[in-house]
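Listed below, chain by chain, are the residues.
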Amino acid sequence: MITFQRVFKRYPNGREALAEVSFDLASGEMAFLTGHSGAGKSTVLKLIALLERPTRGQVIVNNRNTASVGSGAIPAFRRQVGMVFQDHKLLADRPIYDNVALPLVIAGVTRRELDKRVRAALDQVGLLGKETSFPLELSAGEQQRVGIARAVISKPPVLIADEPTGNLDPDLALEVMNLFKRLNDVGVTVMVATHDVHLIDRFGVRRIHIEHGQLAGFPPDVAA
Amino acid sequence: MSRPNPAKVAYASGRRSPLAALSTWVERHVQSLVSSLGKLVRQPFASALTIGVIGLGLALPACLHLVVVNASAVTAGIEKTVQLSVYLKQPMTAEQARKVRQGIDARDDVLDAQLVTPAEGLKEFEEMSGFGEALKALDDNPLPYAITIRPAPLFDSPEAIESLSDELETLPEVEIVQVDTEWVRRLDAILGALEQVVLLAAGLLGLGVVVIVGNTIRLDINGRREEIEVIKLVGGSNAFVRRPFLYSGTWYGLGGGLLAWILVSAAVGFLAGPIEKVASLYASSFRLQGLDPDGILALVAGGALLGWVGSWVTATYHLRRIEPRA
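Those protein sequence lines, which keep their order, are chains Z and F. For what it's worth, our numbering labels the leading residue of the first sequence as 1, then goes sequentially. For what it's worth, our numbering labels the leading residue of the second sequence as 1001, then goes sequentially.
Hint data in this document are derived by calculation from the structure and do not stem from the laboratory. Treat the numbers as computed from the prediction; the structure is a model and nothing was measured. All C-beta atoms, glycine included, are put in the ideal place defined by N, C-alpha and C. Take the hints with a grain of salt, since some may be wrong.
[As the list claims (entries may be wrong)] As a list, the in silico DSBU-like pairs of lysine-lysine whose alpha-carbon atoms are at most 30 Å apart:
#	chain 1	residue 1	chain 2	residue 2
1	Z	116	F	1039
2	F	1136	F	1123
3	Z	46	Z	181
4	F	1099	F	1123
5	F	1123	F	1089
6	F	1039	Z	89
[Claimed, not checked] Derived coverage of chain F by chain Z (criterion: at least 3 residues anywhere in the stretch with Cβ under 8 Å from a Cβ of chain Z; other residues may be distant):
#	stretch
7	1020 to 1033
8	1233 to 1239
In isolation and in its complexed conformation, chain F is listed as follows:
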């Protein structure tokens, strides 16, 4: 043989430094990252379908979250003007009623207390209710003395108001105490429950995203079975075979997260105008809140994380079962 044996050239040995190993590792990951993205782009319809389902799944809890956030913002403004009405027992003289008012007014947790006489009460009722004519038919004024109380700023939490109300109710002259803003607390409780619903929905739909990505990756693995077997034949580890699938899953999740962000932003933009109109009719400066940067990050990063988890679980499970049969 005149020509040198190239086998000898190929078998010349090579050495690797740790730095070279690291740069190779990074290079391989970058390559997987790009090639997995390329795979998604090459099958646009299937990828769009998967990303669309994930996007909708993530957008739903995000929208629910915004409903709660905005409703809380509305009631947060109202809670500051909390008021208690104390109705006194009958019969009661004007002198007695004034003493009770003074007693209440002196409390630390009360900002001010105003006495409403039965006559004032009746007048106010006539004006507010529109039953003026009907009320004139009454012989006696049936209304008791009442005291309207504004709690001190430091004592306007629902707990403080409740204890104030309980204490006032124990006074011998007091018939009944009404917290006029009771409905705010009820709404708060409803919003609190709704927040739990949001968490639950987010949990379930997040699980849904994991399942969707997992199923997509499973189909992908089945379609590339032969390739996987060959890679394992020439010494590819499970981790090596799994890597491109993890990147695919993460891309799906990231795409879904971005789509969800777009959907939520579009919904907020669509509703902002009409809601501001309603708010202006109520002389409120309320503005519809969209996702804050933290929320956007949570949505997009959460989507990517769920995609990664879905592909990891599926790929780990299925790739172990594919062994070369040579």
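Extracted from the complex, chain Z is given alone in its bound form:
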């Protein structure tokens, strides 16, 4: 579902973020993307969501080589990739309903189906009944779950998350991670960038570890 073939990424400012990164994440698979801050985790996710393009090498997502996606086709491509962010990226001046419904509104779903699916997505993250609240009225954990509901509402085959538990205390972090696991159980390919050792140990899923822009073996403290 997600394939990196000898991907090399250098930013315009000269920083080399990734060098010769290759991995393959099968459809329905879940993986943690680990590594220190600045190791290149975010770059991997940005390449998957076409927020950046590789300098060299191939990135293939959902059987589509991102090099073949022109700038006009990027929006449609992104609708196939659900994204969750550490800072939620919710629209503060819109109620939860509108925030969650946004991808469907973009996709042009009828009002009736919109209602049904917003409810289903909110139910999924345990926030049914919060439709009319505004993001800042919710706790950090709840906001993150709204972000997840928004990411999955258009049923993307791929879900990526960048440090989704970075701002959460351990209990909430566990709750959010359980949510990703449940989504993976119904067939969504999930990739979560995190450095939360606790969670990595707890969930027995695959790990892709990056050090200085390259795939590396797991550091002993985590692997133990």
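Based on the hints, put chain F in the right spot on chain Z.
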């Protein structure tokens, strides 16, 4: 886990028919239309300022246009009584003068020609000019024979009168031909030039409206940068992000057009009374004309169109430059 996994429910697939897609499309546009109007209403001062500037910008060429229309209406009445005066060479006998008159009168393009003898001319001049006493001091009558001509109705266009005048001037007995309503043609020419000025002003001020709307939309886009980035992150296309801005721009233009209509109508209403008073003093039934339905439509629809163009240009340019940085 005892409770069913709601993820499975959410991932149940859905199908869309073309009709449903169309109704969704209409629904989205209606929603954009209403919500963009709501945004304008929520910031009344800023919106009123923008609409006010647009309204003034559109009202100015509309008023100039009405000036030309009304001035043309005034001269249109005068042009029908066009007259030529033909002055004959001196010396000339009464017999010769009558022959010339007959010749002119027989022309197809002349309705009638009247001979004015030097004595009649002098009498008329005395009455009209108020120089009666001074003229009595003259020994001889210095006036020549004159013939006043009214052109035939089909030949009263400025071109026809000019060719008539040119032909009469080639007659050996004719000294000079004067078109008494020359000033009407001059006024027409001035009005024609003014019409060009109106077009130019309308063009420049229309461009001004595009720039004003564009600038307002640009500020709006900058203020909603974060929102735009988030929408693009979750797969919103440039067209999707642009739509509400296009509606805002069109609302601004439409509001400006309506305001211009109100301003022009108010100006016409304000001036109608005094101008009718002036007209009645000249025994004229002239009435100040306001905008006709076509003109109103052009003003309002033109305003909306300019607003749309202004927002389209700006939104297309600026939204492409906003890319999510996640």
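Here is what the structure says about each hint:
1. As the CA atoms of residue 116 (chain Z) and residue 1039 (chain F) are separated by approximately 28 Å, the hinted pair is consistent with the 30 Å bound.
2. Among the hinted pairs, residue 1136 (chain F) with residue 1123 (chain F) is consistent with the structure: their alpha-carbon atoms are about 10 Å apart, no more than 30 Å.
3. Pair hint residue 46 (chain Z) plus residue 181 (chain Z) holds up; C-alpha atoms about 22 Å apart against a cutoff of 30 Å.
4. Of the supplied pair hints, the one linking residue 1099 (chain F) and residue 1123 (chain F) holds, its CA atoms being roughly 23 Å apart against a limit of 30 Å.
5. Between residue 1123 (chain F) and residue 1089 (chain F) the CA atoms are separated by roughly 20 Å; this keeps the pair inside 30 Å, and the hint holds.
6. Between residue 1039 (chain F) and residue 89 (chain Z) the alpha-carbon distance is near 22 Å, which keeps this suggested pair within the 30 Å criterion.
7. With a cut-off of 8 Å between beta carbons, the stretch 1020 to 1033 of chain F has 7 residues touching chain Z; three or more are needed, and the interface restraint holds.
8. Interface restraint, the stretch 1233 to 1239 of chain F with chain Z: holds (6 residues with C-beta to C-beta distance below 8 Å; minimum three).
This entry satisfies every hint, going by the numbered hints stated previously.
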